[in-house]
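Guided by the hints, dock chain B onto chain A, whose structure is given.
2 protein chains.
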Amino acid sequence: MSLHAVILCGGRGERFWPKSRRVQPKQFIALFSRGSLTQETSARIRPLCPPERQLFVAPVEFKAVLRRQLGPDARLAFEPTGRNTAPAIGLAAAYLKREDPDPTMVVLPADHLIEDRPGFLSAVRMGAQLARQGLLITFGIRPDRPDTGYGYIQLGRRIAGKAHVTAYRVAAFKEKPSPARARAYLAAGNYVWNSGMFIWRVDAILAAFQRFTPEFHTQLEEFAATVGTRREKQALARLYRGAPATSIDYAVMEKADNVACVRGTFDWDDVGSWLALVRHVEPDPAGNVARGLLVSKDSSNCVVDSDSGIVAALGVKDLVIVRSGDAVLVADRKQIGRMKQLLADIAGHPAGQQHL
Amino acid sequence: MSLHAVILCGGRGERFWPKSRRVQPKQFIALFSRGSLTQETSARIRPLCPPERQLFVAPVEFKAVLRRQLGPDARLAFEPTGRNTAPAIGLAAAYLKREDPDPTMVVLPADHLIEDRPGFLSAVRMGAQLARQGLLITFGIRPDRPDTGYGYIQLGRRIAGKAHVTAYRVAAFKEKPSPARARAYLAAGNYVWNSGMFIWRVDAILAAFQRFTPEFHTQLEEFAATVGTRREKQALARLYRGAPATSIDYAVMEKADNVACVRGTFDWDDVGSWLALVRHVEPDPAGNVARGLLVSKDSSNCVVDSDSGIVAALGVKDLVIVRSGDAVLVADRKQIGRMKQLLADIAGHPAGQQHL
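From first to last, the protein sequence lines stand for chains A and B.
Just so you know, the first sequence maps onto residues 2 to 357 in our numbering.
Just so you know, the second sequence maps onto residues 2 to 357 in our numbering.
Okay, chain A solo, but in the shape it has when bound:
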């Protein structure tokens, strides 16, 4: 078997507006590092998957930015349109099956931040070993706070372990919890965050598609037969018209019985909103975190990101202030989860559309 990385680059990144825009969403900007999150994801898995075994899956609208960031030799698979993770993973599986007799694929969202590369790689290695047995492996993150923004996985029986990495059967997948339930999960100790990273043999995930989404699996086989022919592009369009716009968790993982979870100790941040800055930038004595020049007077607990010039804050608290290009965002910290609604209003404004 050989290990391929499938890097999912399909996010809209709306929660990082205005730094992230439609043409260059979150995964293509450098949020906390020198390279973009996509470039960092590629570099992180490289010791196990050299560039020729990395496949980037993205909606075709990101073609230009992907070529610019990854170079001319990167292997890219373009979706006619973004359709959540299940179709993207199916598409990648179809491509990999054609070019490798026994491929295993590690699925990595392009927009996560992990700094402990050795820790991450040892978790992937254990996942790859377990995947050989035909298991569908998720990666779970040990929670350090009762976060209500993530899905959780309830761990079952321990099935493998070595230093810092342990694998368990999965007892249950849990939706984003209430604050009380999140605290209970944290206290119980046998719950982890569902990271959205996976590893499995390609034939195992295809078998799971066949079992749980038989129609999509048939379409996928029809498409696979056209790869490399003149009919490929048309078949791809047909595949995506019929594909279920659902996540792999919903389509497969929550239903399958051969699921296991590798829990690592590496740091992990899905960089879900501007508040993630708080975890990556040192605060000033008043609790403000800022990238770019902030001068604040009697202001506290603000999160500031400015790409140039100066931001001055006077007598304000608990705000998110972002200046990027021609746009300024000022939001209440507690309401930052409602960015999607704000962007809908911007889209609905006659002069707003061009700023998305």
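Simulated from the structure, these hints should not be mistaken for laboratory data.
Any given hint could turn out to be false.
Stated by the list, open to error - Once the Cα atoms are required to be at most 25 Å apart in a straight line, the calculated PhoX-like pairs of lysine-lysine come out as:
no. : chain 1 : residue 1 : chain 2 : residue 2
1   : A       : K341      : A       : K318
2   : B       : K177      : B       : K341
3   : B       : K177      : B       : K335
4   : A       : K335      : B       : K298
5   : A       : K335      : A       : K175
6   : A       : K98       : A       : K64
7   : B       : K98       : B       : K64
8   : A       : K175      : A       : K341
9   : B       : K335      : A       : K298
10  : B       : K341      : A       : K318
11  : B       : K335      : A       : K318
12  : A       : K335      : B       : K335
13  : B       : K98       : B       : K234
14  : B       : K318      : A       : K318
15  : A       : K234      : A       : K98
16  : A       : K177      : A       : K335
17  : A       : K298      : B       : K341
18  : A       : K175      : A       : K256
19  : A       : K335      : A       : K318
20  : A       : K341      : A       : K177
21  : B       : K256      : B       : K175
22  : B       : K318      : A       : K298
23  : B       : K175      : B       : K341
24  : A       : K98       : A       : K256
25  : B       : K234      : B       : K64
26  : B       : K318      : A       : K341
27  : B       : K318      : B       : K335
28  : B       : K335      : B       : K298
29  : A       : K335      : B       : K318
30  : B       : K298      : A       : K318
31  : A       : K341      : B       : K298
32  : B       : K256      : B       : K177
Then chain B, alone, in the frame of chain A:
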């Protein structure tokens, strides 16, 4: 007698940062009109004082912006440095006395906003008549709210009146009041806002300088003797080194006994802070006023000024948000009076200085 307008352009305009900067303060920007406040002030008095009888007094650092805004023929008097209104008025008096046998001067701060030009001009006409008798005339504005940001004038005996314009002797000048006192002034009816506009015969104001600031008056006479000679520039520097950095109210008006007040009915706004926008821009249903593109979601009572691009507000209230060039200001409305302290912090920041 002939009437000259002396337009005082010396303000720092700090309260309108970042739209107003050190090199181009408030009086040189178009806050609510097509022209800058200085250009509007010049145009407003033109029916009584044509350009050749307008004299602009400003610190020399504003030379370039004044020439650019007023053209090559404007009559400019440059101060070596800004020193409040008493020296500027003394300097203008010295110049006017040399070129006109019996000049009267109307003193107009360059940074006020008055939209009712006919009303303003009839008040000036009445002021000019009274000034002939040797009175020092202030212009008082009938208050429409208990504003604590202005000085007040207590009116005494009525001495003249015609449609919409009435003149009174001045009973007392009152400092910026407490809220309770401001409400009492408003209820009493015989208090007006001290507009900072004046009119007097040049020999009357010089006599007042002689009486109340004799040392400055002597220096002024020494300077006047050098005007038009090679020694003028040096004498000007000497005059300003010794000049009291005080307002004309403090130096003369509060002490003199030949003071009267013309109360007009014209609108007047000294545009004292960003909150002035509220009086000049129609609010949206949530009470936000904005110049430039604002898209707001669940945000109320914000004051927004943006020179380009977009400002998006999410879940915030009672903020002042200004984007101008490379700077963004986010301030609590209630603390907007503390701009000076904020700017001091910006000046003290290693990277802040360049943004003032």
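Structure-based check of all given hints:
For the given pair, K341 of chain A sits about 23 Å from K318 of chain A by alpha-carbon distance, which is consistent with the 25 Å threshold. For the suggested pair K177 of chain B and K341 of chain B, the alpha carbons sit about 18 Å apart, so the restraint of at most 25 Å is met. A C-alpha spacing of about 17 Å is found between K177 of chain B and K335 of chain B, which places the hinted pair at or below 25 Å, so the restraint holds. For a cut-off of 25 Å, the pair hint linking K335 of chain A to K298 of chain B stands: about 14 Å separates their Cα positions.
Pair hint K335 of chain A plus K175 of chain A holds up; C-alpha atoms about 24 Å apart against a cutoff of 25 Å. Restraint check for K98 of chain A and K64 of chain A: the C-alpha separation of about 23 Å stays at or below 25 Å, so the hint holds. For the hint pairing K98 of chain B with K64 of chain B, the CA-to-CA distance comes to about 23 Å; that is within 25 Å, so the pair holds. For the given pair, K175 of chain A sits about 23 Å from K341 of chain A by alpha-carbon distance, which is consistent with the 25 Å threshold.
With a C-alpha separation of about 14 Å, the suggested pair K335 of chain B and K298 of chain A falls inside the 25 Å cut-off, and the hint holds. Under the criterion of a C-alpha separation no larger than 25 Å, the hint pairing K341 of chain B with K318 of chain A is consistent with the structure, at around 19 Å. For the hint linking K335 of chain B to K318 of chain A, the alpha-carbon distance of about 13 Å falls within 25 Å, and the restraint holds. For the given pair, K335 of chain A sits about 22 Å from K335 of chain B by alpha-carbon distance, which is consistent with the 25 Å threshold.
With a C-alpha separation of about 18 Å, the suggested pair K98 of chain B and K234 of chain B falls inside the 25 Å cut-off, and the hint holds. A hinted pair counts as satisfied when its Cα atoms are at most 25 Å apart, and K318 of chain B with K318 of chain A qualifies at roughly 12 Å. At roughly 18 Å between alpha-carbon atoms, K234 of chain A and K98 of chain A fall within 25 Å of each other, so this suggested pair holds. Restraint check for K177 of chain A and K335 of chain A: satisfied, since their Cα atoms lie roughly 17 Å apart, inside the 25 Å limit.
Note on K298 of chain A and K341 of chain B: the hinted pairing holds, with a Cα-Cα distance of about 11 Å set against a maximum of 25 Å. Proposed proximity of K175 of chain A and K256 of chain A is supported: the alpha carbons are some 13 Å apart, at most 25 Å. Of the pairs offered as hints, the one joining K335 of chain A and K318 of chain A holds, with about 11 Å between alpha carbons and a cut-off of 25 Å not exceeded. For the hint linking K341 of chain A to K177 of chain A, the alpha-carbon distance of about 18 Å falls within 25 Å, and the restraint holds.
A C-alpha spacing of about 13 Å is found between K256 of chain B and K175 of chain B, which places the hinted pair at or below 25 Å, so the restraint holds. Simply put, K318 of chain B and K298 of chain A have alpha-carbon atoms about 18 Å apart, close enough for the 25 Å limit, and the pair holds. Distance hint between K175 of chain B and K341 of chain B is fulfilled; the C-alpha atoms sit about 24 Å from each other, no more than 25 Å. Between the alpha carbons of K98 of chain A and K256 of chain A the distance comes to roughly 23 Å, so the proposed pair stays at or under 25 Å and holds.
Restraint check: the Cα-Cα separation between K234 of chain B and K64 of chain B comes to about 15 Å, which is no more than 25 Å; the hinted pair holds. The straight-line distance between the Cα atoms of K318 of chain B and K341 of chain A is roughly 19 Å, inside the 25 Å bound, and the hint therefore holds. Only pairs whose Cα atoms come within 25 Å are accepted, and K318 of chain B paired with K335 of chain B is accepted, the gap being roughly 11 Å. For the hint linking K335 of chain B to K298 of chain B, the alpha-carbon distance of about 21 Å falls within 25 Å, and the restraint holds.
For a cut-off of 25 Å, the pair hint linking K335 of chain A to K318 of chain B stands: about 13 Å separates their Cα positions. For the hint linking K298 of chain B to K318 of chain A, the alpha-carbon distance of about 18 Å falls within 25 Å, and the restraint holds. For the given pair, K341 of chain A sits about 11 Å from K298 of chain B by alpha-carbon distance, which is consistent with the 25 Å threshold. As the CA atoms of K256 of chain B and K177 of chain B are separated by approximately 18 Å, the hinted pair is consistent with the 25 Å bound.
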